[in-house]
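Here the structure of chain A is known, so what remains is to put chain B in place on it, guided by the hints.
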Amino acid sequence: MKIIIVGCGKIGTTILASLVAEGHDVTAIDADPAIIEEITNIYDAIGLCGNGVDCDVLAEAGVELAELFVAVTGSDEFNMLSCYLARKMGAGNTVARIRNPEYNDTSLAFLRQHLNLSVAINPERRAAHELHNVLKLPSAAKVETFSVRNFEMVQLKLKPDSPLDGMSLIELRQKYPQKFLACVVQRGDEVVIPSGQFVLKSGDKVGFTATPSEMLKLMKNLGLMKKQARNVMILGASKTAYYLAKLLLAGGSSVKVIEKDASRCEAFSDQLPGVVMINGDGARQELLLEEGLRTMDAFVALTGMDEQNILMSYFASSVDVPKVIAKVNRDEFAPMAEKLGLDTLVSPRKTVADILVQYARALENSMESSVETLYKLMDDKAEALEFAVHADCELVDIPLKDLRTKPNTLIAGIFRNKKTLIPSGMDTIQVGDKVVVLAAGHRINNLLDILE
Amino acid sequence: MNHKTVFNVVGKIILVEALLLSLPAVVSLIYREDCFWAFLTVIALSVLIGSLLTWIPKAKDAVIYAKEGFVIVSLAWISMSLIGALPFFLTGEIPNYIDAFFETVSGFTTTGASILTDVESMSRGLLFWRSETHWVGGMGVLVFVMALIPNLSERSIHVLRAEVPGPTVGKLVPRIKDTAKILYSIYIVLTALEIVLLLCGGMPLFDSVVHAFGTAGTGGFGIKADSIAGYSPYLQWVVTIFMLLFGVNFNLYYLILIRRFRSVFKSEELWVYIGIVVTAVVLVGINIWPLYQNVAEVLRLSAFQVSSILTTTGFSTANFNLWPPFSKAILVVLMMIGACAGSTAGGLKVARVVLMFKQLRNELQRLLHPRAIKTVSFEGKRADTLTLNGVNIYFSVYMILLVLVMLLLSLDSGMSFEADVTAAIACFNNIGPGLAEVGPLGSYAGYSDLSTFVLSLAMLLGRLEIFPLLLFLSPSTWSKK
Numbered sequence: 023m024k025i026i027i028v029g030c031g032k033i034g035t036t037i038l039a040s041l042v043a044e045g046h047d048v049t050a051i052d053a054d055p056a057i058i059e060e061i062t063n064i065y066d067a068i069g070l071c072g073n074g075v076d077c078d079v080l081a082e083a084g085v086e087l088a089e090l091f092v093a094v095t096g097s098d099e100f101n102m103l104s105c106y107l108a109r110k111m112g113a114g115n116t117v118a119r120i121r122n123p124e125y126n127d128t129s130l131a132f133l134r135q136h137l138n139l140s141v142a143i144n145p146e147r148r149a150a151h152e153l154h155n156v157l158k159l160p161s162a163a164k165v166e167t168f169s170v171r172n173f174e175m176v177q178l179k180l181k182p183d184s185p186l187d188g189m190s191l192i193e194l195r196q197k198y199p200q201k202f203l204a205c206v207v208q209r210g211d212e213v214v215i216p217s218g219q220f221v222l223k224s225g226d227k228v229g230f231t232a233t234p235s236e237m238l239k240l241m242k243n244l245g246l247m248k249k250q251a252r253n254v255m256i257l258g259a260s261k262t263a264y265y266l267a268k269l270l271l272a273g274g275s276s277v278k279v280i281e282k283d284a285s286r287c288e289a290f291s292d293q294l295p296g297v298v299m300i301n302g303d304g305a306r307q308e309l310l311l312e313e314g315l316r317t318m319d320a321f322v323a324l325t326g327m328d329e330q331n332i333l334m335s336y337f338a339s340s341v342d343v344p345k346v347i348a349k350v351n352r353d354e355f356a357p358m359a360e361k362l363g364l365d366t367l368v369s370p371r372k373t374v375a376d377i378l379v380q381y382a383r384a385l386e387n388s389m390e391s392s393v394e395t396l397y398k399l400m401d402d403k404a405e406a407l408e409f410a411v412h413a414d415c416e417l418v419d420i421p422l423k424d425l426r427t428k429p430n431t432l433i434a435g436i437f438r439n440k441k442t443l444i445p446s447g448m449d450t451i452q453v454g455d456k457v458v459v460l461a462a463g464h465r466i467n468n469l470l471d472i473l474e
Numbered sequence: 005m006n007h008k009t010v011f012n013v014v015g016k017i018i019l020v021e022a023l024l025l026s027l028p029a030v031v032s033l034i035y036r037e038d039c040f041w042a043f044l045t046v047i048a049l050s051v052l053i054g055s056l057l058t059w060i061p062k063a064k065d066a067v068i069y070a071k072e073g074f075v076i077v078s079l080a081w082i083s084m085s086l087i088g089a090l091p092f093f094l095t096g097e098i099p100n101y102i103d104a105f106f107e108t109v110s111g112f113t114t115t116g117a118s119i120l121t122d123v124e125s126m127s128r129g130l131l132f133w134r135s136e137t138h139w140v141g142g143m144g145v146l147v148f149v150m151a152l153i154p155n156l157s158e159r160s161i162h163v164l165r166a167e168v169p170g171p172t173v174g175k176l177v178p179r180i181k182d183t184a185k186i187l188y189s190i191y192i193v194l195t196a197l198e199i200v201l202l203l204c205g206g207m208p209l210f211d212s213v214v215h216a217f218g219t220a221g222t223g224g225f226g227i228k229a230d231s232i233a234g235y236s237p238y239l240q241w242v243v244t245i246f247m248l249l250f251g252v253n254f255n256l257y258y259l260i261l262i263r264r265f266r267s268v269f270k271s272e273e274l275w276v277y278i279g280i281v282v283t284a285v286v287l288v289g290i291n292i293w294p295l296y297q298n299v300a301e302v303l304r305l306s307a308f309q310v311s312s313i314l315t316t317t318g319f320s321t322a323n324f325n326l327w328p329p330f331s332k333a334i335l336v337v338l339m340m341i342g343a344c345a346g347s348t349a350g351g352l353k354v355a356r357v358v359l360m361f362k363q364l365r366n367e368l369q370r371l372l373h374p375r376a377i378k379t380v381s382f383e384g385k386r387a388d389t390l391t392l393n394g395v396n397i398y399f400s401v402y403m404i405l406l407v408l409v410m411l412l413l414s415l416d417s418g419m420s421f422e423a424d425v426t427a428a429i430a431c432f433n434n435i436g437p438g439l440a441e442v443g444p445l446g447s448y449a450g451y452s453d454l455s456t457f458v459l460s461l462a463m464l465l466g467r468l469e470i471f472p473l474l475l476f477l478s479p480s481t482w483s484k485k
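Protein chains in written order, with this note's numbering: chain A, 23 to 474; chain B, 5 to 485.
Looking at chain A on its own, in the form it has when it is part of the complex (with noise of 0.2 Å):
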């Protein structure tokens, strides 16, 4: 598919990595002739250097004949432009970075309409919800949603005093009564789907699906409940911070909030006056614990210096903050990270990058079935994905027993009539269903692909 990408920062060149990698034909624009060359120098995608409004420039990326366009410059306004533009001259599908809180409130409906688009990505406003999702279920590493409510992931990262340690998935089935499924599992470098013979391990990162009311009853069972985060401290006034800090708020707990720039305090603290907010230095450790960071439930590093937030991570672990969080931008730095013992990052590019992957192969889709939600599971090496079934298919009332399926790949969930099955082997799909599928080492573009 021809795809065309306005402004190559952070969220740019990792919405273009994995479009790249996706096979698509992608053209980058953006207005700073280095950073077009390093592109061009490190991804098979062609570079044009220009203005994103410009006609010429637009037409000279090939616009009327893009799938899709996509507007991730830093500024919202140009990116409103830049779409408006590039759907007037013929792209099929246009996709805006918009994150200012002013524009996402009532008027983020108007806009899109108005202006034709697609998508407004907001990835600082995804990455809260994330985090919000993981301060909810403390336990977890990570929590995936999905377009059907009341079906979730959440992936736990096995301790060494683990009570799964050494046992087989067969075993953990009959241990505990619950609706649930193992369904992917990465140790060390590999990922696998595993089958029931597979035994845990200490250390080994896994992967569980089932309702929200299970996943609950499962975590108890397993001993891993921690209590929901009741008290926050984030910090950095950040526009993830406050689309946190807001769903945090309502929701009921309560958040303290650090920044070190006055002005910025004033204006978050005009903007949610609930919130506790803290001008001073977030680095000094000093400041934190005088702020009673070791009664927090949870601690959030949301500054835009991947260092500190990490550095102060690792402080706020050290003193025995049950949940600490940090948000890393630069991939590189995720596996020292994690090395220091900090297993929940939270990086709003990738959250991006896997929209507009799951909206890329949405486009590509078939009539039998379409991609609603897609995930890139431990460290990429796996997805998630939740497909509509639209029409009769090769698959449709077959028990899943029966179906060839190609290793490494899995069907974790299937949804009728607002129900969700944890399916067996005995289970049906059917016309107008919802099924969510694992696989390890496989593109799947189509509920299809999964057959061999």
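Mixed in with the good hints there might be a few duds.
For lysine-lysine, the following BS3-like pairs were computed, each having C-alpha atoms within a straight-line distance of at most 27 Å [stated by the list, open to error]:
(1) A:LYS110 - A:LYS179
(2) A:LYS403 - B:LYS181
(3) A:LYS403 - B:LYS8
Since the hints were derived computationally from the structure, they do not count as laboratory data.
Keep in mind it's a predicted model, so treat the numbers as computed, not measured.
Frame of chain A, contents of chain B only:
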């Protein structure tokens, strides 16, 4: 340095060469010539070497950085020439291996300089192989490999950049593989068209294919002692036109394919190229008028020779050694200019010359108005300082190396000064024939082994646009520091 990846890619190139060698093997089988066995031996040998090299597992981190790009391209071209020389040597038709190496390098670099004194006595298989190397070398063997093999490696743009000539190398379409495919498709279609047109003019099939290969790569190996002179005027005009066509930037053909005619029309380099051709044809025509006294003949000879030299092909229809000095001087200037960037031709390239003249003009203006600020624009876009610096540095290194080659050649006592100078220019710019002893009817046979080797290096330097080979030979590329 990522040795494993480098060897892996070079191994693939050698396997591709085995594939390429099978064509002349078939030709020699058709004509029932003994050189078939030589080809078979060399194919077996290259399959063996290639498999051994590709058998080395690829490194986990198979990234090609700029450094690896330069090394891969240089090693690929050197090893291809070393292997490609073997058939000439094994059959004994060129008994000296260094001479055979010179002949093959001359082929792959699309130079067309020959040490053969009697071309017509060569076997058909070897003549075919000689011309095939032109065709492959013209567009670039690594580009060919990229079109064939999916995902050579990450960042393979560095390889493309090291092999495709021109001051700035861009892709036509986002995927490098598709770009390589488009380039080769245009190349193949144009070559096929020329073969058909030559056949229509009554040229035998073998001759048509060989001459089309020579034109397409802007090489210039012929199979007759008098090059193209013996063929009919129609055939000479066909070759003239195709030489000019292959000297045009291939990006423009792609623009025509996607119907962006206005962009083609606005191409600055194309207009300058056409301007140079017309001016040179007129000047040479006026200058040689007294020799021929016939409008059609003067026009044909002048147009043919100007196109042949400007596009660095090196075919000839007349012994321009006998032309007046002014014509010879023009031809030597054309040798240095070369055709458009992104074509199969050698030389400095019109784009570089235009950029240099524009800078010169700005600099003169700045002397008059010391506070004036003026930028250089080319093809409707501002040429950034990095590109301009690149052009200037290229020109300096080009001149230094050219002088060095001349000095080394002058150690050979047997040749005249005129021959030494033009031999250096003709080899460095991948043209082929020079003047005096190395003129269109002469050959490079008079040079010693040392000079032949120096000229081989000069041809490789010229084809790869100096830097890849220069960096390959520099110790700092190989040191671990």
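We went through each hint and held it up to the structure:
Under the criterion of a C-alpha separation no larger than 27 Å, the hint pairing LYS110 (chain A) with LYS179 (chain A) is inconsistent with the structure, at around 48 Å. A threshold of 27 Å between alpha carbons decides the hint, and for LYS403 (chain A) with LYS181 (chain B) the separation of about 25 Å falls inside it, so the pair holds. A threshold of 27 Å between alpha carbons decides the hint, and for LYS403 (chain A) with LYS8 (chain B) the separation of about 25 Å falls inside it, so the pair holds.
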